[in-house]
Amino acid sequence: MRATRILMGMPITVEIGGTRYGALAEQVFAHFESVDRRFSPFRADSEVAAINAGRLAEAEQSAEMRAVLALAERTRRESGGYFDIRRADGTIDPSGIVKGWAILGAAAIISRSGARDYYVDAGGDVQSSGLNGDGSPWRVGIRNPFDPGEIVKVLEPRGRGIATSGTYVRGEHIYDPHAPARPPAGLVSLTVLGPDVLEADRFATAAFAMGADGIEFIEAMPGLEGYAIDRHGEATLTSGLEEHCVPC
Amino acid sequence: MRKAALSLVVVAASGAYVWSQWDQRPGEPDLGLALASDDVETGSVDPVDPPAPPDAPQPATIAEAHVGVSPAKDSIAVSAPSEPAHSPAQSDPPQVTDEAPPALSVISETPRDDDPPAPPAPRSMPELASSPVTTAASEPLETASLAPPREPAQTADATEPAPAAPPAPDPATPTAAEPAPPVILARQPRPRPNYVPPPAPPTPPTATVATAGTTGARLADGRYDGPAINAYYGFVQTEAVVADGRLADVRVLNYPKSRLASVFINRRALPRLRKEAIRAQASRVDVVSGATLTSEAFVRSLDDALQQARS
Chain A
1460 MRATRILMGM
1470 PITVEIGGTR
1480 YGALAEQVFA
1490 HFESVDRRFS
1500 PFRADSEVAA
1510 INAGRLAEAE
1520 QSAEMRAVLA
1530 LAERTRRESG
1540 GYFDIRRADG
1550 TIDPSGIVKG
1560 WAILGAAAII
1570 SRSGARDYYV
1580 DAGGDVQSSG
1590 LNGDGSPWRV
1600 GIRNPFDPGE
1610 IVKVLEPRGR
1620 GIATSGTYVR
1630 GEHIYDPHAP
1640 ARPPAGLVSL
1650 TVLGPDVLEA
1660 DRFATAAFAM
1670 GADGIEFIEA
1680 MPGLEGYAID
1690 RHGEATLTSG
1700 LEEHCVPC
Chain B
16 MRKAALSLVV
26 VAASGAYVWS
36 QWDQRPGEPD
46 LGLALASDDV
56 ETGSVDPVDP
66 PAPPDAPQPA
76 TIAEAHVGVS
86 PAKDSIAVSA
96 PSEPAHSPAQ
106 SDPPQVTDEA
116 PPALSVISET
126 PRDDDPPAPP
136 APRSMPELAS
146 SPVTTAASEP
156 LETASLAPPR
166 EPAQTADATE
176 PAPAAPPAPD
186 PATPTAAEPA
196 PPVILARQPR
206 PRPNYVPPPA
216 PPTPPTATVA
226 TAGTTGARLA
236 DGRYDGPAIN
246 AYYGFVQTEA
256 VVADGRLADV
266 RVLNYPKSRL
276 ASVFINRRAL
286 PRLRKEAIRA
296 QASRVDVVSG
306 ATLTSEAFVR
316 SLDDALQQAR
326 S
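Heads up: the protein sequence lines correspond to chains A and B, in order. Under this note's numbering, the first residue of the first sequence is numbered 1460, with each subsequent residue one higher. Under this note's numbering, the first residue of the second sequence is numbered 16, with each subsequent residue one higher.
Since the hints were made in silico from the structure, they are not lab data. Built from N, CA and C at the ideal position, the CB exists for glycine as well. Incorrect hints may appear among the rest.
[As the list claims (entries may be wrong)] Calculated from the model, a selection of chain A residues having no Cβ within reach of chain B, i.e. all distances over 10 Å:
(1) 1505
(2) 1553
(3) 1583
(4) 1609
(5) 1612
(6) 1622
(7) 1624
(8) 1650
[Claimed, not checked] Derived CB-CB ranges, DEER-like:
(9) A/1525 x B/268: 37 to 47 Å
(10) B/259 x A/1547: 35 to 45 Å
(11) B/260 x A/1550: 58 to 68 Å
(12) A/1691 x B/261: 53 to 63 Å
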C-alpha cells in the first residue's frame, strides 16, 4: 500500500509491500506529525521555538531534542563547520538534520512491525528496504534540477539511504533559499547515497554548503557516494556511485 | 641539500604509493601521498577525529592529467527543456546507441500502456536515455568484464598476493570506520569561518594544494622525477612539481598497467571523480529524490507526488 500526506511542509510518501499495513502507515504519519510539533521552527509552540525564545533550559530538553542536537554538533565537527544549525542571531534551525532523522525513525517503526519491503520518502530524502511491487530493488530517480518533470539518474540504493540538497531554479535564476541574495557559487543539486538516510541527509546538507568541493568531501568519506550537478548541467560522480546506477 | 630532501620526499611518495596499494580498500581513491598536508587551518575548530579515514581526494587536475579522463565539459543550457536531445524526437526516429541498455530499446519501440509512477516526461524522449557513461572515450577500459565488484579478489593467479579484500559495503556500518594506513592524510574541508554576511564564497580547499607544507623548508622550483619503484604488479613512478618554493603538484608518471588485474586495482586507487552531462533517463523509477521545492514549484511537486499516490 502507498499513501502520501503533506507534513512538515512537504509531501511524505510511505509505501509498504503487502496490503495489510494501513494502520502502520498511520503510525508513520503520526510519527512525522510528532516530529513536526517538536522541531518545527515555524510553530510557535514547538520545542525548538521554546529553545530559541530562551524558554527552555537545557536540562528540560526532551530526549529526542538532545539526540538531534548531539547529531547536529557531530555533523558540524565532521564537516569542518560547513554544517551548522546555529544561525547568525544565535537561534537554531535543525531542519537540515531533522528530516533524515525523522525518516530513519519512520523506517524503524515499519521494520519493527516485521515488514521488509518498504520505502519512506519525505521531501525527496528516501529510506528504502527490500523490493518493490514488481519484486525488483527499489529504484530512486534523481530529479533534474532544471526540469522537475525529468529524471537524470536512476539509482538502486539496496537498503541504503538517499538525500538530495539543492537550490531552486526559477526561470534562469538559481538561488539558495537560505540566502536568496547571494550569487550562486557552486552546486545546484547534490545527491548523497549513504549507509542510511540520516547519514546521507546530514552529509548532503554539509557537502552542499561546501560548493563545488562538496563532491570531493563525499568522495573522501568512506561509505558515502554522491552525484553533484552544477549550474551548467554538468554532473560529477564519486567513484563508487556506478555500482548503484541503473544502468551504468 | 634541499634537492636531496626533495628526492627523499619523492622516493617516500613512490614508496607510500606502493604501500598504499597493499592496504587499499576499493572506493577510496588515494595516491598514498604523504605530501598533501592537512588542509585544516591551525587555530580553527577542535582538531577532530576525522570521520574515519577520508583519503586525500586529489585535486581535479591530477585526476584529469594522469588517469586519462577528460571530463566532459558538455553542458546543457539552463533553459533545459529545449536541450538538443529533444529535437531528434521530432525529426528522427528514436536512435538507440550501441550502449543502450535493453530496457531502452523496448521503450523506443512501443508506447507503454502501463502508467508507471515515474514522472511522465521520460516517455516523451525515450531515445535520450543512452548510457549515462557519456564521457565518451574517456574510460576505455570500462568494459563489462571490469565492472567492479567491491572485492577484486576473484582475479588471477594464486601466486599473486590478493589485493586488500574489504568487507562488502554494509549499509548498517556507520561512516566512522577503521583506522587509516598512516600515510594517508585526511583531507579536511577548510573550517567554515565564523558567520558574517558572506561577501564571496569561501576559498575552495583545492587552492591550498599549492600552499601545502607550510612548515617545510623552501624547495627549488622545478619538476623532480622519483625512481621507478617496483610495486609487484608493475612499476610506480611519481613526479614532484615545485612552484613558488612549495610542492604544487604530485603526478603519477607510471603505474602498473600491464595486466587487467593491475589495471583494475589502479583504477580503483587513482582518483576517479567522473564527470558527465546530465541526460534524461527513461527507466521507470519508484520514487524521486530532489531538492525540496517550494512556492510555485511546490505545487508542481505536490501534483507529481499525489499522482504517484493515486497510481
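Going down the list of hints, with the structure as the test:
1. 1505: holds, 19 Å
2. 1553: Given that every Cβ of chain B is farther than 10 Å from that of residue 1553 of chain A, nearest at about 15 Å, it holds.
3. 1583: The assertion about residue 1583 of chain A is violated, with a minimum of 5 Å to chain B.
4. 1609: Its Cβ does come within 10 Å of chain B, the nearest being 5 Å, so this is violated.
5. 1612: violated, 6 Å
6. 1622: violated, 7 Å
7. 1624: Answer for residue 1624 of chain A: violated, closest chain B Cβ roughly 6 Å.
8. 1650: violated, 6 Å
9. A/1525 x B/268: 37 to 47 Å: violated, 53 Å
10. B/259 x A/1547: 35 to 45 Å: holds, 37 Å
11. B/260 x A/1550: 58 to 68 Å: violated, 46 Å
12. A/1691 x B/261: 53 to 63 Å: violated, 32 Å
Comparing the model with each numbered hint stated earlier shows that hints 3, 4, 5, 6, 7, 8, 9, 11 and 12 do not hold.
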